[in-house]
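Each protein sequence line maps, in turn, to chains P and V.
Residues in the first sequence are numbered consecutively from 1, following our numbering.
Residues in the second sequence are numbered consecutively from 1001, following our numbering.
Treat the hints as calculated values from the structure; they're not laboratory data.
Do not take every clue at face value.
[As the list claims (entries may be wrong)] As a list, the in silico DSBU-like pairs of lysine-lysine whose alpha-carbon atoms are at most 35 Å apart:
hint: 1; chain 1: P; residue 1: 101; chain 2: V; residue 2: 1121
hint: 2; chain 1: V; residue 1: 1117; chain 2: P; residue 2: 301
hint: 3; chain 1: P; residue 1: 396; chain 2: V; residue 2: 1121
hint: 4; chain 1: P; residue 1: 396; chain 2: V; residue 2: 1125
hint: 5; chain 1: V; residue 1: 1121; chain 2: P; residue 2: 301
hint: 6; chain 1: P; residue 1: 291; chain 2: P; residue 2: 396
hint: 7; chain 1: P; residue 1: 473; chain 2: P; residue 2: 493
hint: 8; chain 1: V; residue 1: 1117; chain 2: P; residue 2: 396
Single-letter residue listing:
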Amino acid sequence: MLDAFVGGLVLVFQWKSFLYLLLGAGIGFWVGILPGLGGATTLALMMPFIYKMTPQEALPFLLGMHSVVQTTGDITSILFGIPGEATTVATIVDGYPLAKKGEAGRAIGAALMSSLIGALFGAAFLAVSIPVVRPLVLAFGSPEMLMVILLGLTCISSLSGQGRRGLLLGLLSGGIGLLCSLVGQDRQAGIQRFTFDELYLWNGLPVIPVLVGLFAIPEIIDLAVRGTAIAGNVSSDKLGKGVMQGVRDTFAHFWLTVRCSLIGSLIGILPGLGGGVAQWMSYAHATQNAKTVEEQEGFGKGDIRGVLGPGAANNSKEGAGLIPTVAFGIPASSGMAILLGAFFLLGLVPGPDMLTKHLTLTFSMVWTIVVANILVVLVSLFFINHIASLTTIRGKLLIPFLLLLTFIGAYTSTNHVGDLITVLLFGFMGYFMVRFSWPRPPFILGFILGELAETYLYVSTSRYGWEWLYRPKVIVIFLLAVAVAVYPFIQRKRLQKGESFNEI
Amino acid sequence: MKFNGAAALSIVFAGISLAVVIKAAGWPFKTALFPIAIGVPVFLMALAEFFINLIQKGEGVGDAAGFDFKLSDGDVDSRTALRRTIHIMGWIFGFFALILLIGFPIAIPLFFLVFYKIYGKENWKISISLSAFAWGGFYGLFIWLLNVPFREGLLFSLLN
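Using the sequences and the hints given, assemble the complete structure.
Below is the structure:
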């Protein structure tokens, strides 16, 4: 085992493998920064190039690229309020307000450092858990997976607003997200649902245009209304100074970062859930860290912990996502599904062989994630002052570029005119949601998980009738969801009690 | 009782969810299960939110506002904010229409130039150089390097 572990490291530093890793990480760096062009899409685009490569060259190239897109995706989310990746949306919630306050450097520093810790955690998780995790993954059937989705939705809904009204708006927003996921051909009977005879809608509404529209358009409108730069009138000297503060923030909240990395890893192993859930669950956990009502209300207005949580989780899930892919051939996300395709192209068969015959190669994947993330974080930290100074550019100069990124990002999703209509439609919907204080995060989660939730509901009902509702694990997860919904009320009461006690 | 924007948004979503449930009622069980299971609670919640909006005093959701992004309306007076919002929405829609009509490669430099000259009131030097930079970046990355297929505009399709 130890031999394979060290052998994996040696393999990564062989000159050809290392060169391919550098190339992959370089591509991943820019893919992460560009909105819309996702890690999974780029993995697919790179597939034709690996035909003539050996596994020792192709895996560092592909994995080096895929494991860093989340890291640099955070940068775009923080600077412009446009998600660099679908999995870096939660970083916007507190990262963008920090950029607006002139603390972009601090936010990016924190995002990069927490991403690095998350990636290292995920890699370590992958290394130690391969033999342990098998029973956990196999113990979760469709009913349990459905309940995990419900838990995720309840978690984000209850924490995205205050009190009963906030919970109502959160659940409503999540429900509308689920309804939007209904568009397209029904997977069970093949019936067209709300496609209006448009071929474009047969596969459902594409995720990227919906995400980009919902988040980018309201921010662009707001930038135009303010008439200033993103960072307001803050001088560019101040922006760069926060970088080390952001790094220090990560270590000041080290255990929060580690706990969010753990959340990311645990969700990362479960097939289908991926970064969409991990980022919001960890964000929700970060908000639970508030000690006073004021602190709790500070989330969404630029609390650094709101950057640390998602930053750590969306990177830690990458390493963990490899576990079911490598060990059982069950891809944990769309990116992993493409990587699985690459395995077959390279003549590797996921399963016991990867844990015995090819164990050195499996450990080289762990080291690839570690090395690629360390390199990208170091390079990003080196250039961070220049990157952060983008927020001092006048809004009027920046708006066309943001619109270009928004439309191009959406269009590259399926290269169809419908992408542009979708981005516009959901952009204006996002604006009205923000205008009337409807939380967008539950909508996103509902929309992303809707298809999966429907499949799990259908499989559960077909396989077990309504008896799946009485399965012990289902009841436990359901009770957990109820507890998650009730917890903010209890926490708020406790915080208010604590404050009135302090005042006395 | 006051019918405001928030109430309008709630009633729109209530209407959509009701339409989903009605439509789903005509589908086979396996297709209708999920839409009905989601549509009914969403309809009830949207209706509840609508009535809360109608009977509540004042605007907004007060303490219920969560951790999502907030608009910075407070920084400028409401009249200016509304005027600027309508203007920028017009520009966004204009860019969309331009892309649709003449395609990305021509729409990009044209939109940038017009936006900088009219909306940004920038001088020719900045307007032209930034438009060229945007077009160069777009062409270099998406057409030359990534080979993304961009459709020609509707106008050219009609002319051809």
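- Item | Holds or violated: residue 1117 of chain V to residue 396 of chain P, with C-alpha atoms at most 35 Å apart | holds, 11 Å
- Message: With the threshold set at 35 Å, check whether the alpha-carbon distance from residue 101 of chain P to residue 1121 of chain V stays at or below it.
- Response: Holds, at roughly 26 Å.
- Task: Would you check the hint for residue 396 of chain P and residue 1121 of chain V, treating anything up to 35 Å between C-alpha atoms as holding?
- Result: holds, 9 Å
- Straight-line Cα separation of residue 1117 of chain V and residue 301 of chain P no greater than 35 Å? At roughly 34 Å apart (the allowed maximum being 35 Å), residue 301 of chain P and residue 1117 of chain V satisfy the hint.
- Item | Proposed proximity, residue 1125 of chain V with residue 396 of chain P (alpha carbon, max 35 Å) | Answer holds: residue 396 of chain P to residue 1125 of chain V is near 15 Å, not above 35 Å.
- Item | Given pair status - residue 396 of chain P, residue 291 of chain P, alpha carbons within 35 Å | Outside the cut-off at roughly 40 Å; violated.
- Query: Does the structure keep residue 473 of chain P and residue 493 of chain P at a Cα separation of 35 Å or less?
  - Reply: holds, 30 Å
- CA of residue 1121 of chain V to CA of residue 301 of chain P, is that 35 Å or under? Satisfied, since the Cα-Cα distance of roughly 32 Å is no more than 35 Å.
Checked against the numbered hints above, the structure breaks only hint 6 and satisfies the rest.
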